[in-house]
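Can you make the complete structure from the sequences, with help from the hints?
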Amino acid sequence: MLYKLTRMKKKDKSNRGSEKIYGKVKGPYTHKSVKARIEALFLDNIGKVVTREQILEAAKSPLTGNEPENWHQRLSELRTDDGYTILSWRNRGNLKVQEYLMPNAERRAKAGKRVRPTDATWMAVLERANFSCEWNEGNEVCALKEGDIDAVGGGVSGSHLIINLPILSIRVPILMIRVSGNHYARAIRL
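First residue of the sequence shown? That's 5 in this note's numbering, and the numbers climb one at a time after it.
Here are the simulated lysine to aspartate or glutamate pairs, EDC-like style, with alpha carbons at most 20 Å apart:
no., residue 1, residue 2
1, LYS36, ASP48
2, LYS30, GLU57
3, LYS28, GLU61
4, LYS100, GLU23
5, LYS36, GLU61
6, LYS114, ASP85
7, LYS36, GLU81
8, LYS24, ASP48
9, LYS28, GLU71
10, LYS64, GLU81
11, LYS52, GLU110
12, LYS36, GLU73
13, LYS36, ASP86
14, LYS36, GLU71
15, LYS64, ASP48
16, LYS28, ASP48
17, LYS30, GLU103
18, LYS52, GLU23
19, LYS24, GLU103
20, LYS30, GLU61
21, LYS114, ASP86
22, LYS28, GLU57
23, LYS52, GLU103
24, LYS30, ASP48
25, LYS149, GLU138
26, LYS100, GLU57
27, LYS149, GLU131
28, LYS24, GLU57
29, LYS114, GLU81
30, LYS100, GLU61
31, LYS64, GLU103
32, LYS36, ASP85
33, LYS30, GLU71
Pairwise CB distance ranges (calculated):
no., residue 1, residue 2, range
34, LYS30, PHE135, 54 to 62 Å
35, ARG56, ARG111, 18 to 26 Å
36, LYS114, GLU150, 32 to 40 Å
37, LYS114, ILE25, 22 to 30 Å
38, LEU130, GLY31, 50 to 58 Å
39, ASN108, LYS28, 16 to 24 Å
40, LYS114, LYS30, 23 to 31 Å
In case anyone wonders, no lab produced these hints; they're calculated from the structure. We treat Cβ as the ideally placed atom computed from N, Cα and C, and that holds for glycine.
Set out below in structure tokens:
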């Protein structure tokens, strides 16, 4: 039996029944920081599409007129650090590459900052762990110490110790650092 294979078209969901409305640069944006200038542009254009060119125009230094190289990082900070919802082609099918949309000015709750433990904290945790790796997989503890030969990963173990912390009755910030292979170091700020 022969079958005829035909390529089926994917249904186009990108239009979603609405026409795109493009925003405008209403500046001049004279804020001190690039992030503040980009934020002002989006707040001036809630629910409207903002293009890369518009972001660059708003992000220019009011003193020198230079376009910042890191505008996309500031855009990311508006999403992550400030909690704004800024959509792109990845989230919204009707947006093209380099088009962005802030649907509203609401801010989400943001996650806490990562905490770097002090040297004294690291020393206390390492002493408690007897300066050995506490990686536990299937009830088998790694227990490698610096200078031991790693039977799994090969080579001499260096600074790949896994430090597990006892469960505390209060919530504390935890830092997790990948230092070698599948090994992680965990510590809390005391």
